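Sequence order for the protein chains is A and B. For the first sequence, my numbering gives the first residue as 1, with consecutive numbering after it. For the second sequence, my numbering gives the first residue as 1, with consecutive numbering after it.
Everything labelled a hint here was simulated from the structure, so no lab data went into it. Incorrect hints may have been included.
Said to hold, decoys possible - In silico DSS-like pairs for lysine-lysine, Cα to Cα no more than 27 angstroms straight-line:
#1 B:Lys-57 x A:Lys-5
#2 A:Lys-56 x A:Lys-37
#3 A:Lys-37 x B:Lys-3
#4 B:Lys-71 x B:Lys-53
#5 B:Lys-3 x B:Lys-55
#6 B:Lys-70 x B:Lys-53
#7 A:Lys-37 x B:Lys-57
All values reported here derive from a predicted model rather than from experimental measurement.
Below are the chains, spelled out letter by letter.
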Amino acid sequence: DQQVKQNSPSLSVQEGRISILNCDYTNSMFDYFLWYKKYPAEGPTFLISISSIKDKNEDGRFTVFLNKSAKHLSLHIVPSQPGDSAVYFCAASAAHGANNLFFGTGTRLTVIP
Amino acid sequence: DVKVTQSSRYLVKRTGEKVFLECVQDMDHENMFWYRQDPGLGLRLIYFSYDVKMKEKGDIPEGYSVSREKKERFSLILESASTNQTSMYLCASRLSSWTRDTQYFGPGTRLTVL
Chain A
1 DQQVKQNSPS
11 LSVQEGRISI
21 LNCDYTNSMF
31 DYFLWYKKYP
41 AEGPTFLISI
51 SSIKDKNEDG
61 RFTVFLNKSA
71 KHLSLHIVPS
81 QPGDSAVYFC
91 AASAAHGANN
101 LFFGTGTRLT
111 VIP
Chain B
1 DVKVTQSSRY
11 LVKRTGEKVF
21 LECVQDMDHE
31 NMFWYRQDPG
41 LGLRLIYFSY
51 DVKMKEKGDI
61 PEGYSVSREK
71 KERFSLILES
81 ASTNQTSMYL
91 CASRLSSWTR
101 DTQYFGPGTR
111 LTVL
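Extracted from the complex, chain B is given alone in its bound form (with noise of 0.2 angstroms):
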């Protein structure tokens, strides 16, 4: 089974700091995507990546950065949080982007920005 984890279920944070959300999966999988969910707008793709070190923008990247520098793990960072990314982030894997393999995703992290 394929398993996608997120370093923290709940998280709160203050205006203006940094925050790091980090995802692992275990199946060496080629791709990997951060998603984040609101009422009554579904699931929005802030950034994906390929492969290590390779990122692309999604819909709605500003805001946001990324780094994958091992193959397992693909971190989403919030240079400077504020109130309008309070949200669910949700991580996502693919084995690749040459399949129609579906995604899997982790259990999410909801993030509340005070």
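Extracted from the complex, chain A is given alone in its bound form (with noise of 0.2 angstroms):
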């Protein structure tokens, strides 16, 4: 059963204009969140995370915000740029055991010029 997903399996967004992916989770006992970033060929990269104490996080022009009562978070980009096109991966881990990443499903991001 996906603990982690990411119902849109894609989102095309204008350059310049905000991009917003979406995640939802079932664990509540997930208390860490992380974005990654995938272009074809390469493995994933870390782009953001978000610890549950906190209900947003900012680095440059990534944003995420975690809603822990929807068990919910987002990932802002602004402005987005056509470097951003990519497919992007939600993961969750909790404090207890491996602490090992549970990844959703993954959204593919087009950022049209």
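Two chains, two frames, a set of hints: combine them into the complex.
Shown next as structure tokens:
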């Protein structure tokens, strides 16, 4: 059963506009969340993370928002650039156990010049 | 910079062959992981290793085994390759289980089983 879900397989956005990628999770034990970006023929690269003690974390053009009550997080990219076109994976881990990551199915973002 | 390398970018094998996928990391990380990525399914954990000679099954270990004889190297073995093991295989490493460090991924091996 998928504990981390990304319900939008793809998203297209005009250059300069905001991209919003969404992620839902079911396991209430998850307390650390990450976003990875993946280009074709490359491995995923870490983008940004957030701990459950926060509701927002910002790094340049990238901001992640966490809504614990809704078990929902989102990644905002402002402004979007053509180089942001990639597959974005949401991932989550729990404090106990092995801290292994559970990944969503990914959202393919296309930024149109 | 952490570097995770995988022995092959593309591999074509026949059904029934024994397949070895190799992964090497250069940052003295304790933990290493093998995932497969399939369209619509995301990344699924096959096996992980806490440390040398230590391994744990992930979500989809059936048909796979692993070996970690040295800290820097983690091998994924397909004992008898089948067509449903055609996939992108990704290796990752992480400093340790005791930190919330991110995992660093290799470039992946696209395996095709005919």
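Quick one, are Lys-37 (chain A) and Lys-57 (chain B) close enough, alpha carbons at most 27 angstroms?
holds (26 angstroms)
Check the hint pairing Lys-3 (chain B) with Lys-55 (chain B) against an upper bound of 27 angstroms on the C-alpha distance.
Judged against 27 angstroms, a Cα distance of about 21 angstroms means the pair holds.
Given the hinted pair Lys-56 (chain A) and Lys-37 (chain A), is their Cα-Cα distance within 27 angstroms?
holds (19 angstroms)
Taken at face value, is the distance from the CA of Lys-53 (chain B) to the CA of Lys-70 (chain B) at most 27 angstroms?
holds (8 angstroms)
Holds or violated: Lys-71 (chain B) to Lys-53 (chain B), with C-alpha atoms at most 27 angstroms apart
The given pair, whose Cα atoms are some 9 angstroms apart, holds under the 27 angstroms limit.
Satisfaction of hint between Lys-5 (chain A) and Lys-57 (chain B), Cα-Cα up to 27 angstroms:
holds (22 angstroms)
What's the verdict on Lys-37 (chain A) and Lys-3 (chain B), does the C-alpha distance respect the 27 angstroms limit or exceed it?
holds (17 angstroms)
Checked against the numbered hints given earlier, this structure breaks none of them.
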